[in-house]
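Chemist: Sequence:
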Amino acid sequence: MLEEACQVLDLPIPQLYVRQNPVPNAYTLAVQGNSPFIVIHSSLIELLAPAELQAVIAHELGHLKSEHGVWVTMANLLLLMSTSTLGGNLGRAMYEVLNTQLLLWQRSAELTCDRAMLLVIQDSRVAMSTLMKLAGGTTRYCNEMDVDEYLSQADQFDKASSTRLGRLMRDSMTASSTHPLPILRVRELKRWSESNHFRSLIRSGKPLVVSSDANLGNEVE
1 MLEEACQVLD LPIPQLYVRQ NPVPNAYTLA VQGNSPFIVI HSSLIELLAP AELQAVIAHE
61 LGHLKSEHGV WVTMANLLLL MSTSTLGGNL GRAMYEVLNT QLLLWQRSAE LTCDRAMLLV
121 IQDSRVAMST LMKLAGGTTR YCNEMDVDEY LSQADQFDKA SSTRLGRLMR DSMTASSTHP
181 LPILRVRELK RWSESNHFRS LIRSGKPLVV SSDANLGNEV E
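Heads up, the sequence shown is in UniProt numbering, so the first residue is 1 and it goes up one at a time.
Accuracy of the hints is not assured; some may be wrong.
Unchecked claim - FRET-style restraints, in silico, Cβ to Cβ:
| no. | residue 1 | residue 2 | range |
| --- | --- | --- | --- |
| 1 | Ala-175 | Leu-90 | 20 to 28 Å |
| 2 | Ala-51 | Arg-140 | 19 to 27 Å |
| 3 | His-179 | Glu-96 | 13 to 21 Å |
| 4 | Met-173 | Met-145 | 20 to 28 Å |
Treat the hints as calculated values from the structure; they're not laboratory data. This structure is a prediction, so every number in the text was calculated from the model and none was measured. Every residue gets a Cβ at the ideal spot worked out from N, C-alpha and C, and that includes glycine.
Starting from the given sequences, assemble the full structure and let the hints guide the process.
Modeler: As structure tokens, this is what we get:
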């Protein structure tokens, strides 16, 4: 499943490792001068179906395709410079501004990688069920989880967020997070799966390129 995902995204095949860990998770590391690699926790293998596991791998490959690690490193260096060079109240103010923008970009980057996931597996329901299980699935009850019900909750969340108080509550939930709320990721993934952009990429039959993070800023709010 790794080789197939790399072929779709036009990427060299990275190393893949499984780590014993009870918390379902996966991550990608790319160190300068070394081959990048993906780590999958053993509990993730127990939780997900094979197609969903490939979806997680594709999401991690999206980080490599977009070179997110490079940009995060550069942004963190800017954060350090803002405090060490400017110092005082000005340095702290600059740090807060830069950190807020970095977190917004990181949330957008996660949506980019969700799109990479969908480009590989080309099944929106599998992609959405993957995100749903990662948000709160258990091996005991994962078969009872309902994607349609989860999407209904996303609609209710949108309605609740349409008021001023709702927007304030939503923003407070995401302001310090590197990831969008899971329910918003599922909603955005469904929207993109129904878009002409997604359909044209699938019809092209060429190695696929994920969307720019810069175009996703409004979707994580």
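Chemist: With respect to the beta-carbon atoms only, verify the hint that Ala-51 and Arg-140 lie 19 to 27 Å apart.
Modeler: holds (20 Å)
Chemist: Do the beta carbons of His-179 and Glu-96 sit within 13 to 21 Å of each other?
Modeler: holds (20 Å)
Chemist: Take a look at whether the Cβ-Cβ distance between Met-173 and Met-145 falls inside 20 to 28 Å.
Modeler: Given range 20 to 28 Å: holds, Cβ gap about 22 Å.
Chemist: Confirm or reject the claim that Ala-175 and Leu-90 have a C-beta distance inside 20 to 28 Å.
Modeler: holds (22 Å)
Hint violations for this structure: none, all hints satisfied.
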